[in-house]
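Start from the sequences, fold in the hints, and give me the full structure.
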Amino acid sequence: MKIKSFLSFLAMLLISVMVLSLAACGSKDAETKNNESGSQVTTKATEKDKVTEKSEPVEVVYWHMWGGDWKSWIDGQVEKFNASRSDIKVKPLAVTSDGETKFIASVAGGNPPDVFTGWGNVIPTWAESETIMCLDELISKNAPDLDDFLYPIASDLGKYKGKTYCMPINLCPLMLFWNKDLFKEVGLDPEKYPVTIGDLDAMQDKFWKFGSKGQIDRMGFYPTYLRIWVPAFGGRFIDENNKPTLDDKGLLNALKWFESFVTTKGYSIEKIDAFTTSIANSAQATNPFLTEKAAFTVDGVWLLTDIQNYAPDMNYGICPLPYSSDGGFENANLTMADFDVIANGSKHPEEAFEFLKWMVGYGGNEEAAGEFVATGGNIPAAQKVVDSSSYKSYLDEIPARYEFMKALDSENNLTYPSVTYGTYYMDRLEAAEERVMHGAQTAEEALKQVADEVAKEAAKQEATN
Amino acid sequence: MAFVQGKGSREYLIHERKKVWYSRRLGLAFISPWLVGFLIFTLYPMVSSLYYSLNKYNIIKPPQWVGLRNYIELLTDDPLMWVAVYNTVYYIVFALPLQIIVALTLAILLNSKVKGLAVYRTIFYMPTIVPAVASSILWLWLLDPHIGIINTLLAAIGIDGPGWLVNPVWSKPALILMSVWGVGGDMVIYLAALQGVPQELYESAELDGAKRWRKVWHITIPMISPAIFFCLIMGLIAAFQYFTQAYVMTEGGPMDSTLFYSLSLYNNAFKYYKMGYASAQAWVLFVIIFCATLISYKISGKWVHYEGGEK
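Residue numbers (this note's numbering), protein chains in the order written: chain A, 1 to 465; chain B, 1001 to 1311.
Be a bit skeptical, because a hint or two may be false.
Okay, derived cross-link-like pairs now, DSS-like style, lysine-lysine, Cα gap no bigger than 27 angstroms in a straight line [what the hints assert, rightly or not]:
1) A:K89 with A:K71
2) B:K1271 with A:K460
3) A:K243 with B:K1115
4) A:K89 with A:K406
5) A:K159 with B:K1271
6) A:K243 with B:K1061
7) A:K163 with B:K1115
8) A:K180 with A:K265
9) A:K256 with A:K206
10) A:K406 with A:K392
11) A:K102 with B:K1061
12) B:K1061 with A:K460
13) B:K1115 with B:K1018
14) A:K293 with A:K209
15) A:K161 with B:K1211
16) A:K159 with A:K141
17) B:K1271 with A:K456
Quick caveat, the hints were computed from the structure, so don't treat them as lab data.
The structure presented is a predicted model; accordingly, all values stated were derived computationally and were not measured.
Here you go:
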């Protein structure tokens, strides 16, 4: 009998532990619900905030996806922001894996961070699903001339259907790098870089070297990622009415140029794939451009740091992407960016926006932003930040960095298609590129298929939206 | 006073029932931690995914009822779905028999009396305890077309190795090859089953003049067929859910040649945020696995041999 009562006591204990832990989880939800429900409660809360403002700063929760060295960089910068403000305290948290999914889940769960930094092609979907706040109201109240402050392409990057949803903080233009020593070796003028696609085709042909088993030992140039070349061919992804433009001449020309590498130029895709994906050539330090196994490469400003670290003696030049003389645009980039968003359901959007202003350098924050962007090795979204003394000294450190600044103000820059099926669109375009390069389809056939796929997806989304 | 009455009386039955319920309650109370966990973390998500599969749902906006549209679209209007099904079936058809044969061969070899047997068993089992992501990264190196050990060895005997993971023709065989590396778990099960095969069967077969191969075919395999069947079913279910390696190593490429069913499901859910559609995909996969398992069971009667003749 004694044992039995002990057993039932144990069982009851287990049950109560379970129930209590569930109740604890539940009460948190209840709390957040209370916060949301009823304007009375909210006003009371804000009044309370106002009273405590003098002594206690408002806490802004900030999620980002930077890990490793980047995390210590952002932590240090946030620390500087906090030191500059007595009224706001930003609490950073690195959400390095599946950050975007976790952010969405936190918004759905009603307890999101105030600010999130991402870089995926997500703004249209997040705007449409009301995951993030439209910033227009905050902008007109706190940063009325933000549009003039930002580079035009940065201002475009923040918008979806004419409204601003995010604040681009770092721009990532891509440039063509060329190796001057290799130019001399094959008898080219090392200072004369390719301006048009025709120039590039003619030059790059001279560099290829093959080993005894036919493997590539050195390559001239081989294009990857169709989308980044589309602006240089005068192409676009969507028209003024946000409809996909897969019959676009520039898009087709770009893909045809890609195709020419495996058809008319006659390189073996298998050898190229083996070369480019081999770990011997794809690690940061073994980038074929750094090991002089490729005469050209297309890359961002971060490659300059890699060159400094891994190939400090290399003689290289930087120029805008060559453009097609058949209707292409010079100095045209598919511009991507790191951006900040404010979550729908943020408890302190005003304070969060102050932090956004600081990061982008608006409203007297140019110097702080200059340092923030420079220490991260990034490119600012506004000319005033580029001109700040803190950023200038960073540019002077490696003068080649100035070349990248030329890409920012170009009116030929393009952004990712700002539509909810943008990720799908880009994925299918990449699949088309693969099919063409593997000889499974011609450029025309491949684009036709993407057109069908994307049209179907677009129709589906419109049907239910 | 209650005990005065006979066994058949109403009071006695109530008393008995109370006793049964008391112990039942106690049992339930003890398994309640598991029970609660099961209800919250397994049953509830399953039921809600069934509900979401009938909706358009992107996590943020409330689900929008679309009836069977996700299922209809999935089965009639999604070419990538059939690519994924083809890749998955291809993988199963080649990887599963290969895994069984290799694991069984290893088990039979390691069941003999050789010096240092424990060491060999450990060596062959070891890959199983390596996390899938770590072994995927390792195999990226092994399969590397330029500096990988596999192509280096092939080159040594005069074969120009393929690009493996970058070649749409060779990417699936590369993953199948890699799957054989992890058969240690099955091997241990076969080893245990082999220990249970009565020696006298072999002895009498030897008296009848049976050679090694005949003994394997007529005694070993029938005697351990329940173990083979178990590994087949588990392998089948695992193969239908094949995900990690493809996600880490190829992300579905090149040319969608390694876009397996679970990977396509993952893409729809977490890349395109089509949770309703992905839930429908999950339920279709559930039905497929259920049918495949059922068919395997039905066929099993013909070749799986249980001692004592029970099924």
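Under the criterion that the straight-line Cα-Cα distance not exceed 27 angstroms, is the pair K161 (chain A), K1211 (chain B) satisfied?
79 angstroms, violated
Within a Cα-Cα threshold of 27 angstroms, do K159 (chain A) and K1271 (chain B) meet the stated pairing?
21 angstroms, holds
Taking 27 angstroms as the top limit, are the C-alpha atoms of K256 (chain A) and K206 (chain A) close enough?
21 angstroms, holds
Quickly compare the C-alpha distance for K180 (chain A) and K265 (chain A) to 27 angstroms and report which way the hint goes.
The given pair, whose Cα atoms are some 23 angstroms apart, holds under the 27 angstroms limit.
Within 27 angstroms, alpha carbon to alpha carbon, are K406 (chain A) and K392 (chain A)?
Holds, at about 14 angstroms.
Between the alpha carbons of K293 (chain A) and K209 (chain A), is the straight-line distance 27 angstroms or under?
Holds. K293 (chain A) to K209 (chain A) sits at ~9 angstroms (cutoff 27 angstroms).
Holds or violated: K1061 (chain B) with K460 (chain A), Cα cutoff 27 angstroms?
17 angstroms, holds
Hinted pair, alpha-carbon criterion (27 angstroms max): K243 (chain A), K1115 (chain B). Please report holds or violated.
Cα-Cα ~72 angstroms, so violated.
Need the status of pair K89 (chain A), K71 (chain A): alpha-carbon distance at most 27 angstroms?
18 angstroms, holds
Straight-line alpha-carbon gap K163 (chain A) to K1115 (chain B), limit 27 angstroms:
75 angstroms, violated
For K1271 (chain B) and K456 (chain A), compute the direct alpha-carbon distance and say whether it is at most 27 angstroms.
18 angstroms, holds
For the pair supplied as a hint, K1271 (chain B) and K460 (chain A), is the alpha-carbon distance within the 27 angstroms limit?
17 angstroms, holds
Hint check: violations occur at hints 3, 4, 7, 13 and 15; the rest are consistent with the structure.
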